[in-house]
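The lines below spell out each chain.
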Amino acid sequence: MGGLAGVESTARRGSERCCDPTQVPPALSVTGLRKAYGSVQALRGVDLEIGTGELFGLLGPNGAGKSTLVKVACGLVRPSAGAVDVCGCPAGSPGAHAALGYLAELFRFPDWCSADELLGLHQELTGSMGGASERRALLELVELGHVPDRRVGAMSKGMQQRLGLAQALIGDPKLLLLDEPTSALDPSGRHTVRALLERLRERGVSVLLNSHLLSEVELVCDRVAIINGGEVVAAGTPEQLSRAGGVEVETASGWRTFADGTRDDVPRIVRELVNDGEQVFGVRVLTSTLEDAYLEAVGRAPATPAGAEAGA
Amino acid sequence: MSAPFATVTPPGELRSALIVARFSLRESLRRKVFVVVGLLTVVFLVLYGLATWQAFKAADDFTGATEAGVEADAVVGATLAGLAMFAILFLGTILAVFLTLGAVRGDAERGLLQPLLVRPLPRRTLLLGRWLGATAVCSPYVVAVALGAFALTAALGDWWPDRTLTPLLALALGVAIIAALSLAGSIVLASTANGIAVFMLFGAGLTAGLLGQIAAAIGSESLDDVAKVTTWALPFEALYQAGLSDLTADTVGFTRLAINLGPFGGAEAGGAALWLWSLAYLVVVGVISVAAFARRDL
Chain X
2 MGGLAGVEST ARRGSERCCD PTQVPPALSV TGLRKAYGSV QALRGVDLEI GTGELFGLLG
62 PNGAGKSTLV KVACGLVRPS AGAVDVCGCP AGSPGAHAAL GYLAELFRFP DWCSADELLG
122 LHQELTGSMG GASERRALLE LVELGHVPDR RVGAMSKGMQ QRLGLAQALI GDPKLLLLDE
182 PTSALDPSGR HTVRALLERL RERGVSVLLN SHLLSEVELV CDRVAIINGG EVVAAGTPEQ
242 LSRAGGVEVE TASGWRTFAD GTRDDVPRIV RELVNDGEQV FGVRVLTSTL EDAYLEAVGR
302 APATPAGAEA GA
Chain U
238 MSAPFATVTP PGELRSALIV ARFSLRESLR RKVFVVVGLL TVVFLVLYGL ATWQAFKAAD
298 DFTGATEAGV EADAVVGATL AGLAMFAILF LGTILAVFLT LGAVRGDAER GLLQPLLVRP
358 LPRRTLLLGR WLGATAVCSP YVVAVALGAF ALTAALGDWW PDRTLTPLLA LALGVAIIAA
418 LSLAGSIVLA STANGIAVFM LFGAGLTAGL LGQIAAAIGS ESLDDVAKVT TWALPFEALY
478 QAGLSDLTAD TVGFTRLAIN LGPFGGAEAG GAALWLWSLA YLVVVGVISV AAFARRDL
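Top line first, the protein sequences correspond to chains X and U. Mapping of the first sequence onto my numbering: position 185 corresponds to residue 186, and the numbering continues sequentially without gaps. Mapping of the second sequence onto my numbering: position 196 corresponds to residue 433, and the numbering continues sequentially without gaps.
Keep in mind the hints are simulated off the structure, nothing from the lab. Just so you know, these numbers come straight off a predicted model, no measurement behind them. Be aware that a few hints might be false.
Which residues of chain X face chain U? A partial, calculated answer using Cβ under 10 Å [as the list claims (entries may be wrong)]:
#1 C75
#2 G76
#3 R79
#4 G83
#5 P91
#6 L104
#7 G128
#8 S129
#9 I171
#10 D265
Here a beta-carbon is modelled for each residue, glycine too, at the ideal position from N, C-alpha and C.
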């Protein structure tokens, strides 16, 4: 992968971006955000904050309001109430636009232009002076360095998605809003994007990752918020959300579940069972995954393991 | 890899509009719009040339007009040039509509617009750029084809319009107004509905122009007022009428009368007020479009 340094801006840029250069505001600050489309309440008072260099995952079922939240932050949708600031500037303002990069869930680029031409257009509109070297670096970064002249129409969906990522990175954004950025990518492409996100985090770029792929969010995100029905119903680090889920022990009388048990409790549990005359054939430490937390938060209980029973 | 720094100097709004306009022009070029339009225009001019050749030939054989004090060549030339102006306005309208009919809602629904607007590209700048891009294609096109038609008329019938500049400018401004209306419609209407709406407006303007000619022929003031109000409400038609009128601005006598009785005669002259109104109309359509676009969720 090409070096991210190829798309770095001068220090002057940073001072131009935020409305108040004396403070370092959060990359994204959402306060009491509401949005109604007619009688449909898409967002019902969302509060969240993303710090500098933080990778933040946004989860939720279809229609939960995730894309609306991202679009409000981009200035594409007007909020009904509440405030959204990007790097200290109100969403939709020139300062906010200059600070962010965006990849929409349902995006399309003109099919007649090449990858290089598309990035060139976005460079011109951003005012980036990076020229051909910046375009080359970005295309290499998303593993499209070998096809700069290929027309968008001749690219696979996955290639277009990676081109979209390169486009979002033009102008060295401080906040990257990615709406389902890996939905069309194969496992290798997802790995590339994950590596890219981690490198962005190292450089202090904040990322809002809106994804249905829980495993992906779990792997790369520092914090996660789960939205359901236009409200944040759970938030925390993936570890906080994926709390321990008990211990299962296979005995002669079948599987026994100790719901409050952890890995550290296993020796004690086994010892007590043996002392009680049970024969122990196997032990399984259960952990509640982010998926379980997600299903619980959106009101769909996770499936109970077959054969589990209440622990002692 | 060695890495240069990418300093960022945001472009001004006018420069951004020009970037969008240039990108729109490049799209027209790549999508072979110019090739298709060019080929069909050649077909149109060939047909026009054939019709002109035959019409002047027929006029040469007809001696009755000269005996009545009517310059047959002027009548034929003015009628054919009027026909050419009508056809060229129609072709320019097609071009303007198809270049703009899905510029906002259509592009937003396809997901083309959002990446550009977030860049940052102010919405009013996008509108200005798209209008400039469409006008940069349509206006020179109608001017070039009209000049071609006039040249054919001169070559085959030895007739040239009394005024050249104002008919050409009228066509150019007329299609610029149609492009602005189509762009405005694209903010609120889906592409197909917008295309239909603009062509119906074009038809309404055409009908108003014909009503004006009928009013002049039968001497109906009220009908004339209706026609005038309608054509000024749709100034591309008033401009077309003004251009048509200027084709024979210096023609008088029985020749004038004969031209007025023809299908492209009796057109209303515009005057300076029409040009000022047309420019103001463009500004008003622009302001309304910007306000409507600013309120639209994407």
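Hint by hint, here is what the structure shows:
no.: 1; hint: C75; verdict: holds (5 Å)
no.: 2; hint: G76; verdict: holds (7 Å)
no.: 3; hint: R79; verdict: holds (6 Å)
no.: 4; hint: G83; verdict: violated (15 Å)
no.: 5; hint: P91; verdict: violated (13 Å)
no.: 6; hint: L104; verdict: holds (8 Å)
no.: 7; hint: G128; verdict: holds (4 Å)
no.: 8; hint: S129; verdict: holds (5 Å)
no.: 9; hint: I171; verdict: holds (8 Å)
no.: 10; hint: D265; verdict: violated (48 Å)
Hint check: violations occur at hints 4, 5 and 10; the rest are consistent with the structure.
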